[in-house]
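**Student:** The primary structure of each chain is shown beneath.
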Amino acid sequence: MARREKSDVSRRDVVKMAGASGIAGLAGVTGSASAQEYPPIGNFPIQGEAATFGFTVPQSGPYSSEGQDELRAYKLAVEHLNSGGGWVDSWDGLSGNGVLDKEIDFVSGDTATDADQARQTARRMIQRDQAIMLSGGSSSAVAIAIQELCQREKVQYQCCLTHSNETTGKNCVRYSFREMFNAYMTAQALVPPVTKEYGNDQQFYQLYADYTWGKTVESSVQKFFSEAGWSQINSVATPLGTKDFSSYLSQVPRQETDVLFLDHYGLDGANSLSQAISMGLDNDMEIIVPLYNRPMAQAAAGAIEGVFGTVAWDSQIDNKPSNDFTQAFQDKYARIPSGPAQLAYAQTLQYAAAVERAGTFYPPEVIKQLEGYEYDNFGMGPELMRKCDHQALRAVPVVKGLPEDQQQQGQYFEIVNLTPRDQIGYACDEGPAARCDLGSYE
Amino acid sequence: MSVLAEVVTVLLNGLQQGAIYVLVAIGLSIILGTLKFVNFAHGALYLIGTYAGLLITLEINVTDGKLADWGYATIGLGWGFLAALIIVPIIVFGVGLLMERFVARPFYDRPDTDQILLTFGLAIVIQEVFKILFGGQSYNFARPGWASGQVGLPIIGTFPEWRLYIIGITAAVVVLVYGLIEYTDFGLVVRAGTRDAEMVELLGIKLSRPYLMVFGVGAALAGVAGVVGGPLYAVNPNIGTEVLVPSFLVVVIGGVGSIAGAVLGGILIGETLAVLVAVAPQWSQVGIYVLAAVVLLARPQGLLGSEEVAP
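Protein chains in written order, with the numbering used here: chain A, 198 to 639; chain B, 1360 to 1670.
Keep in mind that the hints were calculated from the coordinates and are not lab data. Some hints could be false.
As the list claims (entries may be wrong) - Pulled a few chain B residues facing chain A out of the computed Cβ check, cut under 10 Å:
no., residue
1, Asn1372
2, Gln1376
3, Ile1515
4, Val1548
5, Val1594
6, Glu1601
7, Val1634
8, Pro1640
To be verified - Non-contacting residues of chain B with respect to chain A, defined by C-beta distances greater than 10 Å in every case (computed):
no., residue
9, Val1369
10, Ile1485
11, Val1534
12, Leu1663
To be verified - Here are the simulated distance ranges between beta carbons:
no., chain 1, residue 1, chain 2, residue 2, range
13, A, Pro617, B, Ile1445, 52 to 58 Å
14, A, Arg325, B, Ala1531, 56 to 62 Å
15, A, Gln527, B, Thr1433, 14 to 20 Å
16, A, Gln527, B, Tyr1431, 16 to 22 Å
Glycine residues also receive a C-beta, built at the ideal position from the N, C-alpha and C atoms.
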């Protein structure tokens, strides 16, 4: 396996070297400035008239409905980049006529929310389809697997939905950027509104999904709520894919527990929350789900009423970029976009804009354009894509679930607080960033 | 919570979790014991039961999948849960009859491996059809209003009412099926056919019709399990596969063809899960397989299975 990978890479490099030197030999005739200035790397220089983006989304498995919404947004982004519309019209530096005069083409592939399958899909996009950039979600294990591959292959990866601290912490890479906040920031964002509502001296209990994401949520919640004066009674790991949480939930001591954190995502979250409500735990304590998503809210329905959490983005955020995106998405698909869809759309445009600023698709230059980049076009207020760990510093929407009779198609939460970025985050030498070593540009 | 209250809670949790497996496993077990047919599509019958129950009970909003594309944004009858509990077993019974006639019957004399490949493939096809129609999203199957609260119990305080109903409905269904097999002429023919099919046919009794019925009844039980289990978990196209493996373990532990065995196996699996979650959560998933392995080593025909009827 390793030998084949190696020979694939070198064969591709040989072809590219030949292509590049051929073009260099014809310099002046083709006028290809980038090929003259920069050496071949990854899938640069782009062969042909179109630049190919690769979208790795879950099209089967429990997250397939999220994946479908992401894919809709990716297609919309490509359409806008090629023909104008949406954010492209108001984004300085994006022409609506392709990117650097190249038409944008795309391929999509299934990750099945499985790291091994995701890696194969990504490798196929890089080697067969010659993708210049990959983007996708929605599992931290998948994102970490793909970004490691992208670093090796020198192809840029724009993370979509991945929330583990480790994506831009100990597993960070130079070739990947994350717009989404992480578990650490979720806990920071939750503390002010939650302690304001429930008080400063509470006892809490956690159930968490037993893998990289759940563990980082558990440790982050424990850290920040303990610092705020709360005390943890216990935290219990539940295997990923547990359906029946009743035995775990009946272990929660009702008399002592004031707040129960259910650190579960997707289907597991929908099941654990619904079951907690049906067991009447909400009569004895408050419940918090640190990270929400829409399919999960849909599946849990009335059980999310009054339950705090954070979301990637929500269509109710009322500012121009958010409204423009919601409108464009609705015009095209007659449906309200989900948080992951907004991330997918924005990540594609962020990359395209960075290419335009760099004046080349040469990955190290594009990366440098994104590092330390300050912007205000994402619908979350001013943001910074930090250079030291490629983690965006941004506001985090804290939400509360709506009662079932107020839930509508695509709207399940009320926004309690858009916690501004200066109240959350961490320095480059602390928190998850302290363990990040980005690796080389070339 | 006192130790006694904790023990009773864990036992009740186990009983309830086991109940769903009992319902699915009885069907599997009588089909395997009587017809010698390994039905990996039995989980798909549970899936059909759950979606049918959902659509009869409620009106749901469909946002993904072909139904949404075709303009069916809201579907479902909204007739309530009791209607579903009566209609769904009839529907799934019908599906079972079709499955027996067109899928199972041509394969009765084929090796187990052929039957497994066929039914496993069928299960995937059914699962994917649901995914295409309803999308991969999960739906909330709300509990019926009359059973959505808590019920006060001595010692432990409160327990979710719906979970008690599941235990009750399962017990009633088990008694019914047991009566059908043990105390009716139909049951007599089935039991005789299980022992010696050739001799029964020599006596002039045609077995194809009772066999068809056995398949239908087994399927209907999976349908009942789908309806009563539906409100416990979010509903999506993968639930059939998820319920199949533990149910096979129940059959293995209890003994093929034995209704009492399926009940015992189901309770053992449910209790093993519940007790391990309480004392050693990290072992809870492994525990049921260890239990099955131990039973297989000590008593290969299962706890209440007899060697003659084991396939």
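**Student:** Are the hints correct? Go through all of them and say.
**Tutor:** Against the structure, the hints come out as follows:
Interface hint at Asn1372 of chain B: satisfied, since its Cβ lies 5 Å from the closest Cβ of chain A, which is below the 10 Å cut-off. A hinted interface residue such as Gln1376 of chain B counts as satisfied when its beta carbon comes closer than 10 Å to some beta carbon of chain A; here the least separation is about 6 Å, so the hint holds. Hint on Ile1515 of chain B holds. Least Cβ distance to chain A is approximately 9 Å, under the 10 Å limit. Using the Cβ-Cβ criterion of 10 Å, the hint placing Val1548 of chain B at the interface with chain A is not satisfied: the shortest such distance is roughly 38 Å.
With 10 Å as the threshold, the beta carbon of Val1594 of chain B comes within range of chain A, its nearest partner Cβ sitting at about 8 Å, so the hint holds. The beta carbon of Glu1601 of chain B is positioned within 10 Å of a beta carbon in chain A (closest approach about 6 Å), and the interface hint is therefore held. Here the hint on Val1634 of chain B is kept, as its CB sits about 8 Å from the closest CB of chain A, short of 10 Å. At a threshold of 10 Å, the smallest CB-CB gap from Pro1640 of chain B to chain A is about 6 Å, leaving the interface hint in force.
Against the 10 Å criterion, Val1369 of chain B falls within the reach of chain A, whose nearest CB is about 7 Å from its own CB. Separation of Ile1485 of chain B from chain A is adequate, the least Cβ-Cβ distance of about 15 Å exceeding the 10 Å criterion. For Val1534 of chain B, the condition that its CB be more than 10 Å from all CB atoms of chain A holds, with the nearest at approximately 25 Å. Every CB of chain A is more than 10 Å from the CB of Leu1663 of chain B (nearest about 25 Å), matching its label as outside the interface.
At about 56 Å, the beta-carbon gap between Pro617 of chain A and Ile1445 of chain B stays in the expected band of 52 to 58 Å. Our hint of 56 to 62 Å for Arg325 of chain A and Ala1531 of chain B holds, since their Cβ atoms are close to 58 Å apart. Between Gln527 of chain A and Thr1433 of chain B the beta carbon distance is about 19 Å. The supplied range of 14 to 20 Å therefore holds. Checking the proposed 16 to 22 Å range against Gln527 of chain A and Tyr1431 of chain B shows it holds: the Cβ atoms sit about 20 Å from each other.
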